[in-house]
Amino acid sequence: MADHVENAVNNVSSDGTEAHRHTETSPGRTEVELNGQPPTARPPQVLTDTEEDEDEELTLKYGAKHVIMLFIPVTLCMVVVVATIKSVSFYTQKDGQQLIYTPFREDTETVGQRALNSMLNAFIMIGVILVMTMVLVVLYKYRCYKVIQAWLFFSNLLLLFFFSLIYLGEVFKTYNVAMDYLTLALIIWNFGVVGMICIHWKGPLRLQQAYLIMISALMALVFIKYLPEWTAWLILAAISVYDLLAVLCPKGPLRILVETAQERNETIFPALIYSSTMVWLFNMADSAETRNNSSHPVPEQENQVAVAPTAQPEDDGGFTPAWVDQQQHQLGPMQSTEDSRRQIQELPSARPPPEEDDEERGVKLGLGDFIFYSMLVGKASATASGDWNTTLACFVAILIGLCLTLLLLAIFKKALPALPISITFGLVFYFATDNLVRPFMDQLAVHQFYI
Amino acid sequence: MNLERMPNEEKLSLCRRYYLGGFAFLPFLWLVNVLWFFKEAFLKPAYTEQQQIKSYIKKSAMGLIVWVAVLTTWITIFQHFRARWGEVGDYLSFTIPLGTS
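First to last, the sequence lines map onto chains S and G. Following full-length UniProt numbering, the numbering of the first sequence begins with 1 at its first residue and continues without gaps. Following full-length UniProt numbering, the numbering of the second sequence begins with 1 at its first residue and continues without gaps.
The shape of chain G in the complex, shown without the other chains (with noise of 0.2 Å):
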């Protein structure tokens, strides 16, 4: 795809869009958001939908961070606690190192 050919109501269609399927738990999305429309939204001179489209941007930003934030403590705690936790360890692994107590 390229944004370059598109029509300015496509791209803010297409960020919103982007920006409303990241609430799905999909923060990959929010960042592909991000990386995609960070040229158009603040590198490009003014059009009409640009300042929307830095809303969007925005936003998606924030949510990563936040998923960031929050999946980096989960899997600190995971992964320092996981031996400590016996059974409820093992049954939340997907993988179980081997020679680890």
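So here's chain S without its partners, still in its complex pose (with noise of 0.2 Å):
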């Protein structure tokens, strides 16, 4: 697609300049197009407004087709996350274990104190996040690289392993599979480490994708399992409300390390930012593929903003809370995360690509936000009384938050966050349509009316 709206501009602009020069000479070209106006008055008007139209255009194509680009991704995580807690029940059950982020128990006597106690989990919850940042940005700014791609490595490394170690026991379980030690470690073992390859250092795109996917997914359910009620839903909220002010305040964390990241014309680690083209810093050329998907931007040429990642500071929160909950997990999880998130905002901005990049532009959005996105439509059709009716409702509110963001991307050109809109929509969605929308079409169910 990129080759047709490419194609497409240098047509409009080679059709431009012929209509001026035919003009000059004959008349009748654009004459036909004018509806009889008088050619000679109209040839610059025409052209300019061709070629502001072939702008917008361009912009609302390239705005569309990126949101496509994006759905399927958000789509696949949230279809994993919400597979896995309908059929594995492990992920449902509430062993009673909490993360130690959230030291407060919900199982208390009164509503207030339950509110109370969840209340102060969130507040812990997004400290933990805006202090883990904070660090992260301190980091960047020292140019502590090598400590923040080692931190990087190892939550994946846990990620990988360890999650997906547990998640594969579960699984079995459920579906009442017997399994080898023997089996069950070349499987962990393959997994992990083509993963790792995959995401740190050289691999298919298409691989590297549906790692980030199921990464972003096992995260997800951890959330899901190890965070009470009131507290999820309030975090969810408490990390929009972040992801708004980090991103767009002057100060900042994730807005610091963006301009941080522009200045020094650097990209950030991508291995916690998910990317619709070849997002590889060190290797950035892409010719053919990135004609296909989009590439990175062409800093040079266009205003690459366009392509900034949307979704930064949420993913920092997500994944911060995520690792800290591990009781084992060290601290690098955590930074993992919120570095993925920043970088995820830095990718599209650092860096002109070493050749000439006139393909389109690619998006980038980060792991934070397909982790929220999936835990909330995951918290959906686990505890809703709607079941489905709420699970889809969610899922919907939450890509048509995704749409508007991207729009908005492709409006103001800069780093967005990507969580409050989608996640203000499903929250929204999820308790009008739990309260509202399912008590109101059983009662139609129940006297047989439909509508």
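Don't take every hint at face value.
Unchecked claim - Just some of the chain S residues that point at chain G, by a computed CB distance under 7 Å:
(1) K173
(2) Y181
(3) V193
(4) M196
Claimed, not checked - Chain G residues, not near chain S, derived (Cβ > 10 Å throughout):
(5) A24
(6) P27
(7) V32
(8) E49
(9) Q50
(10) R82
(11) R84
(12) G86
(13) S93
Derived from the structure by calculation, the hints contain no laboratory data. The C-beta atom is built at its ideal place from N, Cα and C for all residues, glycine as well.
Bring the two chains, given one by one in their own frames, into a single complex with the hints.
In structure tokens, the structure reads:
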């Protein structure tokens, strides 16, 4: 499609010039277009109008394509999470274990106490995320890249090996399948190592995207399991607000990170950003493929900001708590998540492609966004009384929010938070559907009244 | 990663590394190698490094087939005889299905 668009642009400009030239010699062509207006008076305006229209069209075309390119991975992630929640009961069982970042319990006697506990939990979680983000910004500012990379590496390691081991074990238990240690070790070893290679080094794009989706789904499942009810919803709301502030406020940590990266003309670590094109910082070279997908922005030429990642702050937030939660996990994971978020933000702005990149730009979305979207839909499917109604409503709400966010991205052309709009819609739809639509539909069904 | 944009030497080196990496009990890596470089090796017009890439792909495919055969055999044996092995079977099992002898 990029090719097509590119060609369209070229055609338009060449047509414009041709028309212009033709008007001097023979007015026939432009005359036809202009409905009989005197050709000489018109061509320049036609040219500019066409160019402007083309620009707008391009922006919208790019925007539309990007939306679709992000719909698929977000949908896939949500589908994986919902499918797991529905089939593997492990992730909906509350064992009484909670993450260390949500120390207050919700099984209290009074509603007021519960509300207070969940608010405190949410505060602590956001506080932790904020601290981790600040640490990340500081590390980035002082160029401790090795530290950040090591963190990311270890957190991904944990995710790809440990969490997937637990996941696989639970799936086997659910389906009552016997599995021996040898085969299991081989499977986990292969899955993990190839995942690390694809994410941190070089690998096929599709495989890398698939792995990123899988680790986002795993994280979302961990959140769904280990966060108590009210805390989870409050955290979702609080993270959206945090994301909004962190990305848009001049002193927001994520914004500082993006700006620092832009100043240094660098890209952030790619390990935790989903990109619909070749995203590797050091492998900017994609030709044909980027033509088909979106490629990295062409900084020199166009406003690469258009491709700016939308969801950075959230990513960090999402990862951090998740990571922190794992009792045995060290700080690594948390930081990595934050890092990834940052990176996501910075990726698009950072670098100029080495060669002439006249292909389409890609879209990048932070993995934290994936995690929180999936977490919302997963919780909706796990705990809603309206079941599939509510799940679908939340799903649609999140996609609509994503569309809007990308639209805003196309308009504003700078890094935007991807969480607020989607999560707000999602929460509104969840509570509305659960409490209003479902009883309504139940009543309709009881009275056999079809509308 | 887009193979299109990479110079041929890099493609060869990447293919070679994937091939060598697969020896660390990583048949999946060989599978990825075969799938990813298949078009490069067999469906593209010839270039200097293509012959070597082809050989790596072929070797990866052979290694993959060997692994698949071994795994299939082992899994079949395990699933069939697990219950009969008693303690050893349980010791080897990560998950034990309920409701079987």
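With d taken as the least Cβ-Cβ distance between A24 of chain G and chain S, does d exceed 10 Å? violated (8 Å)
Can we trust that V32 of chain G is non-interface, i.e. its beta-carbon lies farther than 10 Å from all of chain S? Given a closest Cβ separation of 6 Å, the condition is violated.
Grab the minimum beta-carbon distance between G86 of chain G and chain S and tell me whether it stays above 10 Å. At roughly 14 Å from the nearest Cβ of chain S, G86 of chain G sits farther out than 10 Å, so the non-interface label holds.
Is the nearest CB of chain S more than 10 Å from the CB of R82 of chain G? violated (6 Å)
Does the claim that Q50 of chain G lies off the interface hold, with its Cβ farther than 10 Å from every Cβ of chain S? holds (18 Å)
Quick one: work out the minimum CB distance from R84 of chain G to chain S and report holds if it exceeds 10 Å, violated otherwise. holds (13 Å)
Proposed interface contact between V193 of chain S and chain G, which counts if any beta carbon pair is under 7 Å: Holds: closest Cβ of chain G sits about 6 Å from V193 of chain S, inside 7 Å.
Given M196 of chain S as an interface hint, is the shortest Cβ-Cβ distance to chain G below 7 Å? violated (11 Å)
Per the stated criterion, does the least C-beta distance between P27 of chain G and chain S lie above 10 Å, as a non-interface residue requires? violated (7 Å)
Distance rule for E49 of chain G, whose beta carbon must clear each one in chain S by more than 10 Å: Answer for E49 of chain G: holds, closest chain S Cβ roughly 17 Å.
Is the shortest C-beta separation between K173 of chain S and chain G less than 7 Å? Since chain G brings a Cβ to about 5 Å from K173 of chain S, closer than 7 Å, the hint holds.
Take a quick look at S93 of chain G and tell me if its Cβ sits farther than 10 Å from every Cβ on chain S, holds or violated. Not fine: 6 Å to the nearest Cβ puts S93 of chain G too close to chain S.
Checked against the numbered hints given earlier, this structure breaks hints 4, 5, 6, 7, 10 and 13; the rest are met.
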